[in-house]
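Novice: Spelled out, the chains give:
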Amino acid sequence: MGLQILSGEDNEFTALQYKKVFEKNQHHITVARDGEECVMQYKKALDNCPEESYPFDVVLLDFVMPKKNGVRVAKEILDLRPHQRIIFASAFGNGVLDDASAIMKDSIEILQKPFSLEFLVKKIENACTLNFH
Amino acid sequence: MNHQKTSTGFRIGASVGIIILMLGIAISLSISITATISDQMKVVANYNIPLEKITIQMRDTQKNQESVLDNAVRFLHTGDTQGLQLSENEFFAYDSLMTSQIIQTREIANTGLNILPQEYVSPSASSVLAKMENIEKSSTEYEQAVNNVFSLSDKTDNVKLDAFTNDLKNKEEALDAKQNNLLADMESSYQNIEISMDENKQKFLTLEIMIIISIGIISLASGYFVNQINKDLTREVIKKTKSLQKTNEKLRKLNVLKDEFISEASHELKSPLNPIYGFVELAKCGDIDKEEALAGIVKQAHQIEEVANKMLDLGKIDNNRLHLSIERFNLAKLVSDISEATRTNLDENVSIEMDSPVDLEVEADRIRIGQVIRNILNNSVKFTPRGGIFITLSLNGANAQVRISDTGIGIHPDVLPKMFDKFVTKSHRKENLDGNGLGLYMCKGIIIAHSGEINAYNNPKGGATVFFSIPLTHGMNNKTIQRSLLN
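Chains A and B, in that order, are what the protein sequence lines are.
The first sequence begins at 0 in numbering that gives the first Met the number 0 and counts up by one.
The second sequence begins at 0 in numbering that gives the first Met the number 0 and counts up by one.
For the record, the hints were derived by calculation from the structure and aren't laboratory data.
Worth double-checking, as some hints may not be accurate.
Unchecked claim - Reference excerpt, derived from the structure (chain B facing chain A, CB under 10 angstroms, subset only):
| # | residue |
| --- | --- |
| 1 | 34 |
| 2 | 203 |
| 3 | 204 |
| 4 | 205 |
| 5 | 273 |
| 6 | 275 |
| 7 | 277 |
Said to hold, decoys possible - With beta-carbon atoms standing in for the labels, derived distance ranges:
| # | chain 1 | residue 1 | chain 2 | residue 2 | range |
| --- | --- | --- | --- | --- | --- |
| 8 | A | 114 | B | 447 | 38 to 46 angstroms |
| 9 | B | 253 | A | 44 | 53 to 61 angstroms |
| 10 | A | 115 | B | 343 | 27 to 35 angstroms |
| 11 | B | 394 | A | 43 | 36 to 44 angstroms |
| 12 | A | 46 | B | 387 | 20 to 28 angstroms |
| 13 | A | 74 | B | 307 | 28 to 36 angstroms |
| 14 | A | 46 | B | 348 | 39 to 47 angstroms |
| 15 | B | 402 | A | 43 | 36 to 44 angstroms |
| 16 | B | 258 | A | 115 | 48 to 56 angstroms |
| 17 | A | 74 | B | 347 | 51 to 59 angstroms |
What the hints assert, rightly or not - Okay, the calculated bits of chain A under chain B, using three or more residues with CB under 8 angstroms as the criterion:
| # | stretch |
| --- | --- |
| 18 | 15 to 23 |
| 19 | 111 to 123 |
Every residue, glycine too, gets a C-beta built ideally from N, C-alpha and C.
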């Protein structure tokens, strides 16, 4: 059974590519085009899933998004599910990502853009096979 | 502060100058008074003292002669020829001594006349010499009278003897009077010169005390001024240190902003690369067709180009070297197109309205003016969660004016006076480069390059208004039009 993925990505082409590559690999991806929509999608999925369980296997977030940035989205999601697996995809250098350290947990990873789609799929699949939940 | 330093410096200079002047005067006066005292002492040692001494000796010799003569007269009356002879010998021995003393007196007087400083020689050498001449004359007459007594042939002729003796007494008294007169002169002059020397010493002492007190006062004043300068300098150092600390803090902040800018700029440049790689990868696998991949890649490449151009523009604005591609276009249509495009991405609780003449032709860089309008409009959208944005275009003399007003949260009062400066923003690390306080800085640079003006204010009833105006004709603003009309 494929993974449930929520992606917050404002670049329409990247979002489209995520959709294509994850669906090709038998995973289900929900794409939100801004931070607010991302939180909203998470809450919506949370309403439909049993208590204590996770609506998504992984949340893939861009750092920079309209309305709410990736860090704020991650904080709100972690408030709802403290161990939610989150992967940031960012074009920022490492120094700028230090701001995220305030909410950094074991359940969070950062991927430096650019990366190949194949690498992303493998990364997410590997992360989820660890079955940390 | 500079004026204060100069003034204090001048005071110190003046104080040091006065000290040197006072010391100069003190030394000169001391030398002068010392020389006077030295001259007076020289005169006292070489003139007054020996003169007084020899005058007293002369008077003693005279007294001895008188005593010898008294004996001689007695011997005459008693007829003691041997005693008379002895008295005569003794008298002339004294006479020789007297002659020698008169010569010594003359020598001393001559020294006073020729060698010693005349202003301090008292009694004057010439008067002493004149008096000595009288004394010598009286002495000769006295000697003559004595000779008459000793050469009396008939020693028993009492009548002649009495006559000679009376004459001798008269001569004796005359000589005594002259000698006493000279001695009185000596004593009086000696006293005067001593008084004068005492006065000079007193003057010298008073002068020294005055100078010491003056130097003391001036030294204290200089100390005070130096202390003032120290205080001034300390204040200045503190002020400069504070100023440097402020500058340092400002530079530190600018450096942080610069680092953030570089980071965000690199982010903006790197972001489109991910979909480009994605397109290549998907096209290779055949998940999308090549046409679609190439179109996507081109679009992303344009985005990179736009970011790069923006950064280049920033550098050009910083160096006042922004190049404009001037063309004639309808500003009303440009504003309308941009507001229409912005409107499509708006939340339904925000509206954009526009009030403009149908045609408003300007000569300007269409791309860059569009960039300015988009930037201002995006800011309005960003800070207007709900309400309206109103765009007004108008003709203001030889200028076209664009006014974008909103009902949003307004501009923070700290930001308003410097909102067109570099790196000024209340938002922090937002969605794009414009969020880092460069958007309005670039807008200002573009408008200034068009010889226009840009400004902003908070609306009394909430929200903010940003407006700019550019000349209708490129290179012709109000001033240049007026100048060209006058010429």
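Novice: Now, for every hint given, state plainly whether the structure supports it.
Specialist: Each hint tested on the structure:
Nearest Cβ of chain A to the Cβ of residue 34(B): about 87 angstroms, over the 10 angstroms cut. The hint is violated. Interface restraint check: residue 203(B) against chain A, minimum CB-CB distance 84 angstroms, threshold 10 angstroms, status violated. Against a cut-off of 10 angstroms between C-beta atoms, the interface hint on residue 204(B) is violated, since the closest Cβ of chain A lies about 83 angstroms away. The interface hint given for residue 205(B) is violated, since its Cβ lies 83 angstroms from the closest Cβ of chain A, which is over the 10 angstroms cut-off.
Restraint check, residue 273(B) versus chain A: the minimum CB separation of about 4 angstroms is within 10 angstroms; hint holds. Contact between residue 275(B) and chain A, as hinted, is supported at the beta carbon level, the nearest pair being about 8 angstroms apart and thus within 10 angstroms. Because the beta carbon of residue 277(B) sits about 4 angstroms from the nearest beta carbon in chain A, less than 10 angstroms, this interface hint is met. Remark: the range hint 38 to 46 angstroms for residue 114(A) to residue 447(B) is upheld by a beta-carbon distance near 42 angstroms.
Distance hint for residue 253(B) and residue 44(A): a CB-CB separation of about 44 angstroms, inconsistent with the stated range 53 to 61 angstroms. Separated by about 33 angstroms at the C-beta atoms, residue 115(A) and residue 343(B) satisfy the suggested range of 27 to 35 angstroms. Between residue 394(B) and residue 43(A) the C-beta distance comes to about 52 angstroms, which lies outside the given range of 36 to 44 angstroms. A C-beta distance of roughly 35 angstroms is found between residue 46(A) and residue 387(B), which places it outside the suggested range of 20 to 28 angstroms.
The supplied range of 28 to 36 angstroms is met by residue 74(A) and residue 307(B), whose beta-carbon atoms lie about 33 angstroms from each other. Against the hinted window of 39 to 47 angstroms, the Cβ-Cβ separation of residue 46(A) and residue 348(B) comes to about 25 angstroms, which falls outside the hint. Between residue 402(B) and residue 43(A) the CB atoms are about 42 angstroms apart, so this pair conforms to the stated range of 36 to 44 angstroms. Taken as a hint, the range 48 to 56 angstroms is violated for the pair residue 258(B) and residue 115(A), whose Cβ atoms sit roughly 29 angstroms apart.
Evaluation of the 51 to 59 angstroms hint for residue 74(A) and residue 347(B) yields a failure: the beta carbon distance comes to about 27 angstroms. Counting residues of the stretch 15 to 23 of chain A whose beta carbon lies closer than 8 angstroms to any beta carbon of chain B gives 4, which reaches the threshold of three, so the coverage claim holds. A stretch counts as covered by a chain when three or more of its residues have a beta carbon under 8 angstroms from one of that chain; for the stretch 111 to 123 of chain A and chain B the count is 6, and the coverage holds.
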